[in-house]
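Enquirer: Take a look at the letters that make up each chain.
Protein chains: 2
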Amino acid sequence: MNLILLAPEALESDRLARVTDPRRLRHLREVHRARPGDRLTLGIMEGGIGQGELLTLDDHEATFALDALDQPPPPALPVHLVLALPRPRMLARTLEHVTALGVKQITLLHTRRVEKSYWMSPELEPEKIHRHLELGLEQARDTRLPAVTLEKGFRPFLEDRLPGLLAGRRGLLAHPGMAAACPRGIETPTLLLVGPEGGFIPWEVEKLLEAGCEGIHLGPRILRVETAVTALLARLF
Amino acid sequence: MNLILLAPEALESDRLARVTDPRRLRHLREVHRARPGDRLTLGIMEGGIGQGELLTLDDHEATFALDALDQPPPPALPVHLVLALPRPRMLARTLEHVTALGVKQITLLHTRRVEKSYWMSPELEPEKIHRHLELGLEQARDTRLPAVTLEKGFRPFLEDRLPGLLAGRRGLLAHPGMAAACPRGIETPTLLLVGPEGGFIPWEVEKLLEAGCEGIHLGPRILRVETAVTALLARLF
Numbered sequence: 049m050n051l052i053l054l055a056p057e058a059l060e061s062d063r064l065a066r067v068t069d070p071r072r073l074r075h076l077r078e079v080h081r082a083r084p085g086d087r088l089t090l091g092i093m094e095g096g097i098g099q100g101e102l103l104t105l106d107d108h109e110a111t112f113a114l115d116a117l118d119q120p121p122p123p124a125l126p127v128h129l130v131l132a133l134p135r136p137r138m139l140a141r142t143l144e145h146v147t148a149l150g151v152k153q154i155t156l157l158h159t160r161r162v163e164k165s166y167w168m169s170p171e172l173e174p175e176k177i178h179r180h181l182e183l184g185l186e187q188a189r190d191t192r193l194p195a196v197t198l199e200k201g202f203r204p205f206l207e208d209r210l211p212g213l214l215a216g217r218r219g220l221l222a223h224p225g226m227a228a229a230c231p232r233g234i235e236t237p238t239l240l241l242v243g244p245e246g247g248f249i250p251w252e253v254e255k256l257l258e259a260g261c262e263g264i265h266l267g268p269r270i271l272r273v274e275t276a277v278t279a280l281l282a283r284l285f
Numbered sequence: 049m050n051l052i053l054l055a056p057e058a059l060e061s062d063r064l065a066r067v068t069d070p071r072r073l074r075h076l077r078e079v080h081r082a083r084p085g086d087r088l089t090l091g092i093m094e095g096g097i098g099q100g101e102l103l104t105l106d107d108h109e110a111t112f113a114l115d116a117l118d119q120p121p122p123p124a125l126p127v128h129l130v131l132a133l134p135r136p137r138m139l140a141r142t143l144e145h146v147t148a149l150g151v152k153q154i155t156l157l158h159t160r161r162v163e164k165s166y167w168m169s170p171e172l173e174p175e176k177i178h179r180h181l182e183l184g185l186e187q188a189r190d191t192r193l194p195a196v197t198l199e200k201g202f203r204p205f206l207e208d209r210l211p212g213l214l215a216g217r218r219g220l221l222a223h224p225g226m227a228a229a230c231p232r233g234i235e236t237p238t239l240l241l242v243g244p245e246g247g248f249i250p251w252e253v254e255k256l257l258e259a260g261c262e263g264i265h266l267g268p269r270i271l272r273v274e275t276a277v278t279a280l281l282a283r284l285f
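Quick mapping for you: the protein sequence lines, in order, are chains A and B. First residue of the first sequence: 49, per the working numbering; consecutive thereafter. First residue of the second sequence: 49, per the working numbering; consecutive thereafter.
You may find that some hints are simply not true.
Here chain A is said to cover these stretches of chain B; the calculated rule only asks that three of the stretch's residues, wherever they fall, bring their Cβ under 8 Å from a Cβ of chain A [said to hold, decoys possible]: (1) 92 to 100; (2) 138 to 149.
Which residues of chain A face chain B? A partial, calculated answer using Cβ under 7 Å [as the list claims (entries may be wrong)]: (3) Asn50; (4) Pro122; (5) His145; (6) Gln187; (7) Arg232; (8) Gly233; (9) Thr236; (10) Arg269; (11) Ile270; (12) Arg272; (13) Thr275; (14) Ala282.
A few chain B residues that don't get close to chain A, going by computed Cβ distances all over 12 Å [claimed, not checked]: (15) Val67; (16) Arg74; (17) Arg77; (18) Thr111; (19) Ala116; (20) Pro123; (21) Arg160; (22) Ser169; (23) Lys176; (24) Gln187; (25) Pro204; (26) Asp208; (27) Gly219; (28) Thr236; (29) Ala259; (30) Ala276.
Bear in mind the hints are in silico, worked out from the structure with no lab data behind them. Computed from a prediction, not measured in an experiment: that's the story for all the values here. Built from N, CA and C at the ideal position, the CB exists for glycine as well.
My request is simple: use the sequences and hints to build the entire structure.
Expert: Quick look at the structure:
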């Protein structure tokens, strides 16, 4: 937690914030070992970042005297990430990684090789997803929450959603064996599609290429989804 | 497990292998749901890769009829990674990520902000480390095991080991706030140094720069060690 993220209702005034949620209080006590007088970095959800002084800390709340929270959050990556739904534990970690890296639009997609049971996981409950996004923001000192969309059918996604997503974006389909190496250091708005463990099936690859995506690869090594997504984002942007 | 890694003693002959370790047998049964007749990818530790046919599978062993295991493993990255020892769970995952990405030399280093208790973790036992390296190799279909060295003192590392490691290698110190952005797509032999959560202390940064390392950064976002290491390797190579 490199930033204490304040919901707007945590602000008692421009200059006073009150944090009551148990996870952050525990982190302040046990990891930061914070004491009144310590200066810490805070940010308002969807807003600015700055410093504050810890005034009080007990088991139920922490209060902070705030400086102006007027620094902007770090820039976002110009990417909409479409990720075949990973298994639950991998999903949790991947949401944290990509949020910390600055992704702001995430679509979780069903594909042939996604196990249907993954869609029943409690990790997909909005509060669970929100929590992983918050952890990513707090890690990277960001305040802007990514939007996460669930697409439970591949064909409706392909036919109804993909054309709109590709308008004004370069579509990149990351898949082993594609012809082109992943490009480096691009700044173009991008739609990045990443398959599940085991990959997209050939029919899905064919349809995504027909829809206008370019196939790219990361080399001969087969990577876990969380490793591959981080590597793709770091190489692309 | 995209490759079944065979210790040399698993080879009964050029053409017959016997796998007995419980983890791989369980994976074959429960994840691959393998049956006699299935063709799978196998590799010999430090050797070649090829296909084999599963002949028998029960609770105690699997036997394979091997084709020629004559494909080379994928190329290694030209990097020696020096990583401040992360906390145990992060260490486990980071070893898997970097092994899958193709790192072959890893030094785990003590720095001021590494908690001393981490050096007592069972994750540092050679068999535990070996297991994480194997998982990384099996993920990426590689057979060449990274060498892992433990350096429990920063000053002895700095004075006795670093000059040798920098001979013939470009030293890159990844640290927030350094002047240069992480370079992209280099092919030079590299020594990459990555600090702990909380970073190197200023004195350590100063000494590493004095020793000839170049400071590089990944931008304004503070990343977890496992995310940062993957991002650095993907951007550098």
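Enquirer: All the hints need checking, so say for each whether the structure fits it.
Expert: These are the hints, each one checked on the structure:
For the segment 92 to 100 of chain B, the proposed coverage by chain A is not satisfied: 0 residues have a C-beta within less than 8 Å of a C-beta in that chain, short of the threshold of three. A count of 4 residues in the segment 138 to 149 of chain B with a Cβ less than 8 Å from any Cβ of chain A is obtained; the coverage claim is therefore met, three being the minimum. Among the interface hints, the one on Asn50(A) holds; its C-beta lies about 5 Å from the nearest C-beta in chain B, closer than the 7 Å criterion. For Pro122(A), the interface hint holds, since its Cβ comes within 7 Å of a Cβ in chain B; the closest pair sits about 4 Å apart.
For the restraint placing His145(A) at the interface with chain B, the shortest Cβ-Cβ distance is roughly 5 Å, inside the 7 Å limit, so the hint holds. Interface hint status for Gln187(A): upheld, as the beta-carbon distance to the closest one in chain B is roughly 6 Å, under 7 Å. Evaluation of the Arg232(A) hint against chain B yields a held restraint, the C-beta minimum of about 5 Å falling below 7 Å. For Gly233(A), the shortest C-beta to C-beta distance to chain B is roughly 5 Å, which falls under 7 Å, so the interface hint holds.
About 16 Å separates the beta-carbon of Thr236(A) from the nearest beta-carbon of chain B, more than 7 Å, and the hint is not met. Taken as an interface hint, Arg269(A) checks out: its beta carbon lies about 4 Å from the nearest beta carbon of chain B, inside 7 Å. Taken as an interface hint, Ile270(A) checks out: its beta carbon lies about 5 Å from the nearest beta carbon of chain B, inside 7 Å. With a cut of 7 Å, the hint placing Arg272(A) at the interface with chain B holds, because the nearest CB-to-CB distance is about 6 Å.
With a least beta-carbon distance of about 5 Å to chain B, the hint placing Thr275(A) at the interface is held under the 7 Å criterion. Restraint check, Ala282(A) versus chain B: the minimum CB separation of about 4 Å is within 7 Å; hint holds. At roughly 20 Å, the least C-beta separation between Val67(B) and chain A is larger than 12 Å, which holds for a residue marked as non-interface. With a cut of 12 Å on Cβ distances, Arg74(B) stays outside the contact zone with chain A, its closest approach being about 17 Å.
Under the 12 Å C-beta cut-off, the non-interface status given to Arg77(B) relative to chain A holds; the minimum distance is some 17 Å. The beta carbon of Thr111(B) sits about 25 Å from the closest Cβ of chain A, which is more than 12 Å, so the claim that it is off the interface holds. Residue-level check passed: Ala116(B) sits 19 Å from the nearest beta carbon of chain A, beyond 12 Å. With a cut of 12 Å on Cβ distances, Pro123(B) falls inside the contact zone with chain A, its closest approach being about 8 Å.
With a closest Cβ-Cβ approach of about 17 Å to chain A, Arg160(B) is found to remain outside the 12 Å limit, as its non-interface label requires. Once the 12 Å rule is applied to beta carbons, Ser169(B) is consistent with being away from chain A; the minimum gap is 18 Å. Every beta carbon of chain A lies more than 12 Å from that of Lys176(B), the smallest distance being close to 19 Å; the non-interface claim holds. Here Gln187(B) does not stay apart from chain A, with its beta-carbon only about 6 Å from theirs, under the 12 Å limit.
Annotated as non-interface, Pro204(B) keeps its C-beta farther than 12 Å from every C-beta of chain A; the closest such distance is 30 Å. Asp208(B), annotated as away from the interface, keeps every beta carbon of chain A farther than 12 Å; the closest lies near 33 Å. Non-interface call for Gly219(B) relative to chain A: holds, since the shortest CB-CB distance, roughly 20 Å, exceeds 12 Å. Residue-level check passed: Thr236(B) sits 16 Å from the nearest beta carbon of chain A, beyond 12 Å.
Every C-beta of chain A lies more than 12 Å from that of Ala259(B), the closest at about 26 Å, which supports listing it as non-interface. With a cut of 12 Å on Cβ distances, Ala276(B) falls inside the contact zone with chain A, its closest approach being about 9 Å.
Of the numbered hints stated above, those contradicted by the structure are hints 1, 9, 20, 24, 30, listed in ascending order.
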